[in-house]
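2 protein chains.
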Amino acid sequence: MASKKEIWFATSNAHKVMEAQAYLKTVNIVIHQAKIDVKEIQSPFLEEIATFKAKYAFERTKKPIIAEDAGLFIEALNGFPGPYSSYVYKTLGCEGILKLLTGIEERKAFFKAVIAYTEDGDDVKIFVGKVDGKISRKIRGTMGFGFDPIFIPHGFSKTFAQDSVTKDAISHRRRAFEAFATWFHDQMGHV
Amino acid sequence: MASKKEIWFATSNAHKVMEAQAYLKTVNIVIHQAKIDVKEIQSPFLEEIATFKAKYAFERTKKPIIAEDAGLFIEALNGFPGPYSSYVYKTLGCEGILKLLTGIEERKAFFKAVIAYTEDGDDVKIFVGKVDGKISRKIRGTMGFGFDPIFIPHGFSKTFAQDSVTKDAISHRRRAFEAFATWFHDQMGHV
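Chains A and B supply the protein sequences, listed in that same order. Residue numbering for the first sequence follows this note's numbering, starting at 34 and increasing by one per position. Residue numbering for the second sequence follows this note's numbering, starting at 34 and increasing by one per position.
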C-alpha cells in the first residue's frame with residue numbers, strides 16, 4: 034500500500050477539517066488544518082473566491098492546499114445571497130430570506146460548494162458540489178447551521194435542519210469532496 | 034505657488050475620477066485614473082476593504098494612490114447591505130430593501146464612504162464620509178444610481194434620486210474627499 038499523501042485545508046474551522054477527512058476516507062489522504070487568516074475576495078463566483086483563497090494560502094504555507102467556499106443561490110432573487118451567504122445569514126437570517134420571498138411562488142434554490150486545490154500555487158484544480166432544492170415556507174428544524182432550516186432538497190419533504198442524515202448523505206460539500214477524491218484517486222493510480 | 038501633486042485613484046470608473054478631481058479643487062492635486070482590476074476582499078468593514086485595495090493597487094503602480102469603498106447601512110437590518118451594497122443592488126434592487134423593511138417603523142440608515150490613501154504601500158491613511166438619513170416607504174426619483182431612490186437624508190424630505198443638488202452637496206463620498214483634502218492641505222502647508 035502506498036504511503037499517505039498529506040494535504041492542508043485553509044480554514045479557521047476545525048470541524049470542517051474533520052468532516053473533510055471523513056469524506057476522503059476512500060483515498061490515502063491525511064488532512065491537516067492550515068489556520069491562516071485567509072482573505073476572501075468579493076465576487077459573484079465561488080470558483081474565483083476559492084481559487085484566490087487557495088493561492089493566497091499556498092503563498093503562506095508552501096504546502097499542497099485546499100480552500101473551500103459555499104453558498105445558497107435562490108433563483109427568484111437572482112442568485113442572492115450566493116457567495117455572501119454567511120454575511121446575509123448574520124444580518125438578515127432565515128427570516129429575511131422568507132420575507133424577500135413573500136408572495137413568490139417560484140422558490141427554486143441550490144446549495145453549491147467549490148473546492149480549489151493547488152500543489153504549486155499556480156495550477157489550481159476546481160471541484161464543484163451542488164444540491165438542488167427549494168426554499169420552504171417556514172423555518173423548520175434545529176440541526177445544522179446557516180440556511181439549513183429553510184432549504185428542502187429536491188425529492189424530500191424535510192429541510193436540511195430537520196434531517197441531518199439526508200444532509201450528510203447528499204450535501205454540496207460532500208459532493209465537492211467526492212469529486213476531489215475521484216480526481217485524486219485517478220491521479221494517483223491507487224486507492 | 035507650489036507645483037501640483039499627482040496622485041492616482043484605483044478605480045475602473047472614470048466618472049469617479051472626475052468627481053474626485055472636482056472635490057479636490059481646493060488643493061493642488063491632479064488625479065489620474067489607475068485602471069487596475071482591484072480585488073475587493075469580503076469584510077463587514079469598509080475601512081478594511083479600502084485599505085486592502087489601496088495596498089494591492091500600490092503594489093501594482095508604485096504611485097501615491099487612493100482607493101475608495103462605500104455602502105448603505107440600515108440599522109434595522111444589522112447594517113445590511115453594507116459593504117455588499119453593489120451586489121445587493123444588482124440582485125435585490127431597491128424593491129428588495131423595501132420588502133425587507135415591510136412593517137418596520139425604524140428606518141434609520143446611513144451612507145458611508147471610506148478613502149484609503151498610501152504613498153508607500155505600508156502606511157495607509159483613512160478618511161471617512163457619512164450621511165445620516167432614513168429609508169423611504171416608496172421608490173422615488175430617477176437621478177443618481179444604486180439605492181439613491183430610497184434614501185432620504187436627515188433634515189430633507191426628498192430622496193437622493195429626487196434631489197441631486199442636495200446629494201452632491203452633502204454626499205458621503207464628497208465628505209470623505211473633503212476630509213482627505215483637509216488633511217492633505219495641512220500636510221503640505223499650502224493651498
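I should point out that these hints are in silico values taken from the structure, not numbers from a laboratory. This one's a predicted model, so the numbers in the text were calculated from it and none came from an experiment. Heads up, a few of these hints could be off.
Copies of the same chain look alike in the list, so a pair counts if it works inside one copy or between any two.
Straight-line distance between alpha carbons at most 20 Å, and here's what the computed PhoX-like set of lysine-lysine pairs gives [stated by the list, open to error]:
1) Lys49 - Lys38
2) Lys96 - Lys158
3) Lys171 - Lys132
4) Lys88 - Lys141
5) Lys37 - Lys123
6) Lys72 - Lys58
7) Lys132 - Lys96
8) Lys163 - Lys191
9) Lys123 - Lys58
10) Lys171 - Lys191
11) Lys72 - Lys88
12) Lys96 - Lys163
Results for each hint:
no. : hint            : result
1   : Lys49 - Lys38   : within (19 Å within a copy, 50 Å between copies)
2   : Lys96 - Lys158  : within (15 Å within a copy, 35 Å between copies)
3   : Lys171 - Lys132 : both (10 Å within a copy, 17 Å between copies)
4   : Lys88 - Lys141  : neither (33 Å within a copy, 40 Å between copies)
5   : Lys37 - Lys123  : neither (39 Å within a copy, 46 Å between copies)
6   : Lys72 - Lys58   : neither (29 Å within a copy, 36 Å between copies)
7   : Lys132 - Lys96  : neither (44 Å within a copy, 47 Å between copies)
8   : Lys163 - Lys191 : within (18 Å within a copy, 45 Å between copies)
9   : Lys123 - Lys58  : neither (33 Å within a copy, 41 Å between copies)
10  : Lys171 - Lys191 : within (11 Å within a copy, 37 Å between copies)
11  : Lys72 - Lys88   : both (11 Å within a copy, 14 Å between copies)
12  : Lys96 - Lys163  : neither (27 Å within a copy, 44 Å between copies)
Violated hints, in rising order: 4, 5, 6, 7, 9, 12; the structure is consistent with all others.
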